[in-house]
Amino acid sequence: MSATPDYPKSAAERGRVEPAPRRVRGFCGDDLVFDTTSARYVWEVPYYPQYYIPLSDVRPGVLHDENRPQKVQFGASRLHSLTAGGAEYASAARVFDDGDGAVAGLVRFEWDRLTWFEEDEPIYGHPRSPYARVDALRSHRHVRVELDGVTLADTTSPVLLFETGLPTRYYIDLTDVVSANLEPSDTQTLCPYKGVTSQYWSVRAGGELHADLAWSYHYPLPAVAPIAGLVAFYNEKVDITVDGVAVPRPQTHFS
Numbered sequence: 080m081s082a083t084p085d086y087p088k089s090a091a092e093r094g095r096v097e098p099a100p101r102r103v104r105g106f107c108g109d110d111l112v113f114d115t116t117s118a119r120y121v122w123e124v125p126y127y128p129q130y131y132i133p134l135s136d137v138r139p140g141v142l143h144d145e146n147r148p149q150k151v152q153f154g155a156s157r158l159h160s161l162t163a164g165g166a167e168y169a170s171a172a173r174v175f176d177d178g179d180g181a182v183a184g185l186v187r188f189e190w191d192r193l194t195w196f197e198e199d200e201p202i203y204g205h206p207r208s209p210y211a212r213v214d215a216l217r218s219h220r221h222v223r224v225e226l227d228g229v230t231l232a233d234t235t236s237p238v239l240l241f242e243t244g245l246p247t248r249y250y251i252d253l254t255d256v257v258s259a260n261l262e263p264s265d266t267q268t269l270c271p272y273k274g275v276t277s278q279y280w281s282v283r284a285g286g287e288l289h290a291d292l293a294w295s296y297h298y299p300l301p302a303v304a305p306i307a308g309l310v311a312f313y314n315e316k317v318d319i320t321v322d323g324v325a326v327p328r329p330q331t332h333f334s
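Take our numbering: the last position of the sequence shown gets the number 334, and nothing is skipped along the way.
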């Protein structure tokens with residue numbers, strides 16, 4: 080039996096549909112594809128929602144039926160190509176048939192085909208869940224990070240990042256990190272709550288190079304500004320002690 084995690088689980092479950100009380104827009108290049116105040120949060124997986132858009136709020140002429148009806152998780156649907164931004168993208172949208180289902184008459188766009196905005200703020204990766212909270216809190220707890228007996232970081236001034244559904248992340252000043260054990264990598268990830276990573280590092284320990292175990296956000300989103308320029312390590316891949324007590328390695332693997 081797996082150990083109970085020491086952090087709160089995500090509050091939503093797969094299949095949930097809720098209204099999104101904000102203006103949501105999608106652009107393909109410079110072309111506006113949709114503009115709506117009636118989007119729906121749809122949880123295709125338990126961890127975070129996607130936006131589904133009313134077909135009536137999609138600009139006429141940008142979607143083209145591929146005549147590929149399919150029955151999927153949320154009901155009967157048809158794949159459509161998207162023509163916008165000077166290009167055509169096959170199977171970029173799924174239009175759900177009219178009816179009495181929870182997503183009837185809505186469109187599910189492939190996220191990476193568009194640039195997305197909530198009100199006038201860009202969003203990345205997927206919508207921010209209304210049931211998730213992210214707090215970055217300064218601390219004087221003693222945090223030590225090791226791998227295979229090699230010290231990677233040791234600090235008494237971390238920033239602790241608490242994010243619903245994820246283990247606590249410990250962000251550490253670069254001056255408290257043993258940089259000789261880190262090797263820069265080209266990896267980049269994005270997070271709707273924190274922004275786009277500025278740097279990833281692999282870790283050399285025990286005669287091995289362990290890929291992409293640490294990362295940093297030089298320009299995080301304002302809500303988590305205290306983590307700017309600090310380094311965090313995957314709890315799942317390293318050994319962390321806090322005030323001398325070992326932190327169990329969780330199973331989750333998100334930055």
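Calculated directly from the structure, the hints in this document are not laboratory data. There's no promise every hint is true.
Said to hold, decoys possible - Computed spacing ranges between beta-carbons, pair by pair:
{"hint": "1", "residue 1": "D252", "residue 2": "D177", "range": "19 to 27 angstroms"}
{"hint": "2", "residue 1": "P305", "residue 2": "R157", "range": "40 to 48 angstroms"}
{"hint": "3", "residue 1": "P301", "residue 2": "P133", "range": "46 to 54 angstroms"}
{"hint": "4", "residue 1": "S160", "residue 2": "Q267", "range": "38 to 46 angstroms"}
{"hint": "5", "residue 1": "A155", "residue 2": "G285", "range": "49 to 57 angstroms"}
{"hint": "6", "residue 1": "D252", "residue 2": "E315", "range": "36 to 44 angstroms"}
{"hint": "7", "residue 1": "G165", "residue 2": "V324", "range": "36 to 44 angstroms"}
In this text, all values refer to a predicted model and were calculated from it rather than measured experimentally. Using N, Cα and C, we set each Cβ at its ideal position, and we do this for glycine too.
- Message: For each hint given before, does the structure comply? Return the numbers of the non-compliant ones in rising order.
- Response: 1, 3, 4, 6, 7
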